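> These are the residues of each chain, in order.
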Amino acid sequence: MGEESIIRKVVVPNRQGLHARPANMFVKVALQYQSQVEIARDGLTVSGKSILDVMTLAAEQGTELTIIVTGPDAETAANALVEVVRRFVEEDEEEGE
Amino acid sequence: MKFADFISVKAIKPELASKDKEAVIRELAGSLVASGDIMEDSAESIIKAILKREELGSTGIGRGIAVPHTKHPSVEKLVGTVGVSTEGVDFNSLDGESVHLFFLLVSPPDRPGDHLRALENISRQLRDDMFCKFLKQSKSVEDIKTLLDEADNNQFGS
Chain A
1 MGEESIIRKV
11 VVPNRQGLHA
21 RPANMFVKVA
31 LQYQSQVEIA
41 RDGLTVSGKS
51 ILDVMTLAAE
61 QGTELTIIVT
71 GPDAETAANA
81 LVEVVRRFVE
91 EDEEEGE
Chain B
1001 MKFADFISVK
1011 AIKPELASKD
1021 KEAVIRELAG
1031 SLVASGDIME
1041 DSAESIIKAI
1051 LKREELGSTG
1061 IGRGIAVPHT
1071 KHPSVEKLVG
1081 TVGVSTEGVD
1091 FNSLDGESVH
1101 LFFLLVSPPD
1111 RPGDHLRALE
1121 NISRQLRDDM
1131 FCKFLKQSKS
1141 VEDIKTLLDE
1151 ADNNQFGS
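In order, the protein sequences belong to chains A and B. Residue 61 in the numbering used here sits at position 61 of the first sequence; the count goes up by one each step and never skips. So the mapping is simple: the numbering used here equals the position in the second sequence, first residue as 1, plus 1000.
Hints were generated in silico from the structure; no laboratory data involved. The reader is advised that the hints may include incorrect statements.
As the list claims (entries may be wrong) - Once the Cα atoms are required to be at most 25 Å apart in a straight line, the calculated PhoX-like pairs of lysine-lysine come out as:
id, chain 1, residue 1, chain 2, residue 2
1, A, Lys49, B, Lys1133
2, B, Lys1002, B, Lys1077
3, A, Lys28, B, Lys1052
4, B, Lys1136, B, Lys1019
5, B, Lys1021, A, Lys28
6, A, Lys9, A, Lys49
Unchecked claim - Computed Cβ-Cβ distance ranges for the label pairs, DEER-style:
id, chain 1, residue 1, chain 2, residue 2, range
7, A, Glu75, B, Lys1019, 42 to 52 Å
8, A, Arg15, B, Val1009, 27 to 37 Å
9, A, Thr63, B, Pro1109, 16 to 26 Å
10, B, Asn1092, A, Glu90, 16 to 26 Å
11, A, Gly71, B, Ala1034, 49 to 59 Å
12, A, Val82, B, Glu1097, 22 to 32 Å
13, B, Lys1133, A, Lys28, 19 to 29 Å
14, B, Glu1150, A, Gln34, 32 to 42 Å
15, A, Val82, B, Ala1017, 38 to 48 Å
As the structure is a prediction and not an experimental result, all values here were calculated from the model. Just so you know, even glycine gets a beta-carbon here, dropped at the ideal spot from N, CA and C.
With the hints as constraints, model all of the structure from the sequences given.
Next comes the structure, spelled out in structure tokens:
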């Protein structure tokens, strides 16, 4: 209803990139919010609430991601999603790397 | 990356016999041993690593799809295979549904980009309902190879 989107840019911090577990982490957080969540890189924009979609980004370490959140809880959601991308590093470590 | 770049056609399993998670992983890994894509003396270590990865969170990502995988130093390039279970297998998948379509991947530890590009290809094709439906209906290695070739030639999805 004419809501403005919150747009945040974040760089993939972890060596293994946006692989299956980080994708799952991201989607789990996105699904906690009512707002629509999109995630984009280099002109490719996909749903942030679908693991299959998020995995199609093939985002390596250093890739800039744009998170676009639209809806009633957009601000809180955007903050939580930026935070979850920062925590991707922990997912790599769990694999003992 | 295309399916032809990493799926070992000789290792494709159109009718998986296994009924549970560990057995399916063993059957698909065994198939990659039989096709010569992974070494027999590394197989047990690869299977253990895949099972350990599953403990961190199921690779059953929903919609009847699972992508069990691991990195392993015994492979020099990314290798993978496809398996189809008509009955479906309980894989503790994220949406609780049983899994019919399996893509098992083993990648060298120092090549995270290749692994991401394989996941990209698999997930992009599997977003297409027709691709999933045809794959589930496949009855032979030849059926699956034809379907993967069609996907590589952009006949499905976006």
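> With reference to the structure, classify each hint as holding or not holding.
Hints versus structure:
no. : hint                            : verdict
1   : Lys49/A / Lys1133/B             : holds, 22 Å
2   : Lys1002/B / Lys1077/B           : holds, 14 Å
3   : Lys28/A / Lys1052/B             : holds, 21 Å
4   : Lys1136/B / Lys1019/B           : holds, 16 Å
5   : Lys1021/B / Lys28/A             : holds, 23 Å
6   : Lys9/A / Lys49/A                : holds, 17 Å
7   : Glu75/A / Lys1019/B: 42 to 52 Å : holds, 48 Å
8   : Arg15/A / Val1009/B: 27 to 37 Å : holds, 31 Å
9   : Thr63/A / Pro1109/B: 16 to 26 Å : holds, 20 Å
10  : Asn1092/B / Glu90/A: 16 to 26 Å : holds, 22 Å
11  : Gly71/A / Ala1034/B: 49 to 59 Å : holds, 51 Å
12  : Val82/A / Glu1097/B: 22 to 32 Å : holds, 31 Å
13  : Lys1133/B / Lys28/A: 19 to 29 Å : holds, 27 Å
14  : Glu1150/B / Gln34/A: 32 to 42 Å : holds, 39 Å
15  : Val82/A / Ala1017/B: 38 to 48 Å : holds, 46 Å
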